[in-house]
Amino acid sequence: MASFTASSLSLSNVSCSLKQNQASSLRKASLSFSGKGLPSHRLPALRFRVACAAKKDTVNKVVEIVKKQLALPEDREVNGESKFATLGADSLDTVEIVMGLEEEFGIAVEEESAQSITTVQEAADLIEKLLEKK
Amino acid sequence: MKLHCFQRTFFHSSPSLSPIQLPAPMETHLWYIKPSEVKSESLLKEYLDILSPCERKNVLQMGGEELRKSALLARALVRTTIARYQINSEINPRSLKFRKNIHGKPEVEWQYSDDWHPPPLHFNISHTSSLVACGVTINSQIGIDVEEKHRNIKHNILSFARRYFSEHEVQFLATISDPQVQRMEFIKLWTLKEAYVKALGKGFSGAPFKTFTIRSKSVPEEDFNKLEGLSPKASEIVVDSFDNPTVLTSNWRFLLLELANSHYAAICTEKHGASEGDRNVPVKLTVWKTIPLLEDECVSGTDAVKTICAAEFS
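Line by line, the protein sequences give chains A and B.
Just so we're aligned, residue 1 is where the first sequence starts under UniProt numbering, counting upward by one.
Just so we're aligned, residue 1 is where the second sequence starts under UniProt numbering, counting upward by one.
Bound-form chain B, shown alone (with noise of 0.2 Å):
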């Protein structure tokens, strides 16, 4: 996997967004806040003056200030994210535009002109109360969706895994003797199949989690050179689809990570135009810890960013 790193950058003087370069086509970038780590009342007050009047109402309605905290942070992040790229020389984050597709997936709503059309920028939030990130790429669709590693499960595992997921996925789950892998292994597959439905952008009922199947995919001996830094153990995760068997699973990669070492992030995208030739290029990923207007720090290729593969398959 191809990691890039840029330079530590803090400004502390007045409160401003590092520019930066929109991904390339095949790279995603990652941003993500941990709310824990915003102390500063100012820092907040400035984030909730950026976000719309709507987006601040639903903010303030949340109950409990751990809650307000986390939704408002969410906002922040995809605005201020969205405006480092400086789309159309636009960059104040206050101005960006949002709306809703046809299934309601959010995406921005671009003010230009007949002779400017806006780049394909495409990106995906999720939150937890203890970490909040923001996925952007250009020219591909991507979900993402974070977890805490240690999540509390209510349910029995496998009562759970029988009622909303696929049976291949519950046999995988039923092999795992350790409760406590069995819950990780439960959560890191949560993360993956929310990932690919917010991908997908239809919503939970668009693609039911039933309907569907992601697991671990062993890579072709053959492909092995291809992929810098992978042992030979190398696995791929992908999706099978019972209700579109033949072509659209293929166009999907997807990626695992444990972030911060609190959290498991899945990123599903996807394989535009891709060849049979392209299908194993590695992807590019550049993760940054943010406070925005205040501290970006690359975090690529550091402990905070680990990739996973799938558990693999006996």
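Isolated chain A, as found in the complex (with noise of 0.2 Å):
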């Protein structure tokens, strides 16, 4: 069960990063394909609909924390995609936006993870992790 879950959410973590081309999510793909055997006809279509939309939510409360921090006009667009550096977010400010998402979501994130947090997505990619692990 825990390795259907696992292979669950890196189906959706592949299909909603493809864009950004993260190799990292890529990787985590081929690595829960191989040897899991997981019969074709029980892909989870619907879990993997879930488990994006669960995803939509974490990224507009990540957008959401974003706009705040770097005081952001209301009708700014902020995506998934958006980089924190584009958005002319320093250091403190990333160091911010990362102590506000700790708080919003109850989690603690590392030195070395806050420093690989470049874009909204990766934030919500590791909100959801770090929340799975809960």
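FYI, nobody ran anything at the bench for these hints, they're computed from the structure.
What you are looking at is a predicted structure, and each value in this text was computed from that prediction instead of being measured.
Certain hints may be false.
Claimed, not checked - Here are the simulated EDC-like pairs of lysine to aspartate or glutamate, each with C-alpha atoms no more than 16 Å apart in a straight line:
#1 A:K129 to A:E102
#2 B:K154 to A:D90
#3 B:K210 to A:E112
#4 B:K154 to A:E64
#5 B:K154 to A:E112
#6 B:K202 to A:E112
Starting from two chains that each stand alone, build the complex the way the hints lay out.
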């Protein structure tokens, strides 16, 4: 059961992040496909959709926190692909954003992980991963 | 603190860079731009022109004119600053190549042949939307960080400090009752910690903020005579690292400045080969305010550069 869950999460990771060409997500996907033997008719299409929808909520919350931290106007377009640096976040902003995410989601983000977050989507992915562990 | 000053030079005719000598060992050069003072569109176009295609692309991707401008000025400042030193007679800022070290810290990728070795030039930049700065040294790792003095912190200062700073630093901030002063001390501490991590060149996770303390330490009385112009209450800024308690932390020297009355700037450099007796040799710092290709002004010793030592601990 654990491996099934992991696979479905990785599947949704791949799908939601494909546009960004995240090598790490693609790697995750190939690991989960090799030898786990999920019969194709059991590929969790419904679950996949649910996992993606959850990501959208997470992404929206991240966007809200980012907009607040960087004092961006409401009508400013910020989505999963938005890079923190491009939005004008410096290192102090990024740390404040991470702290805001920790407070909002009740998680703890390690320094290494915090440093690797460069886009809204990456932040949402990390949050989901940390929530999954709880 | 020894300060040098060069003559004020203006170049109005053809855009050019005034050449300058490399800093001596144990000397730091600091160059800064105030984006609000760069108004000429044609000058900005010239800056864009000296960037590499990759840098140009990154600049143009920034969201908003102000962000694009400070990103552009940051790259233009690095290229023009290094070009001034005319290393290997190379004076074209456009021809410089950069790469990142294993941890992502930018450095110059010198094009050199067998019979020429580049000088050990080190640089580091920091920028806010209202000030862009570049520090240069020879033979010494350098990290700098600038922040607006009146920067707004969204979180409660002590909550933030408890999460990210060391216990000693939290205690220091907690003793400050005035919220404005507390915020400013927080910002000073942040810039010092950032500068240290950037000097180490290992990135934020290489030296997590919680694993080291930056604090003010009184200078021993017997060393007073060696330090020019410092009052008897002189103190220096030091770092204690929990991971490397012995050797490494005494190798770093800090300088905290107030720049242009608007920003705090922290500079962290290596104390190279310093013996016990050299520990308190004054730092030589020269600061220029610049609009590259147009105008340079040495501001050392003026109101634009005020040295701060970290607030005294009771």
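Those earlier numbered hints the structure runs against, lowest number first: Of the numbered hints, just 5 does not hold.
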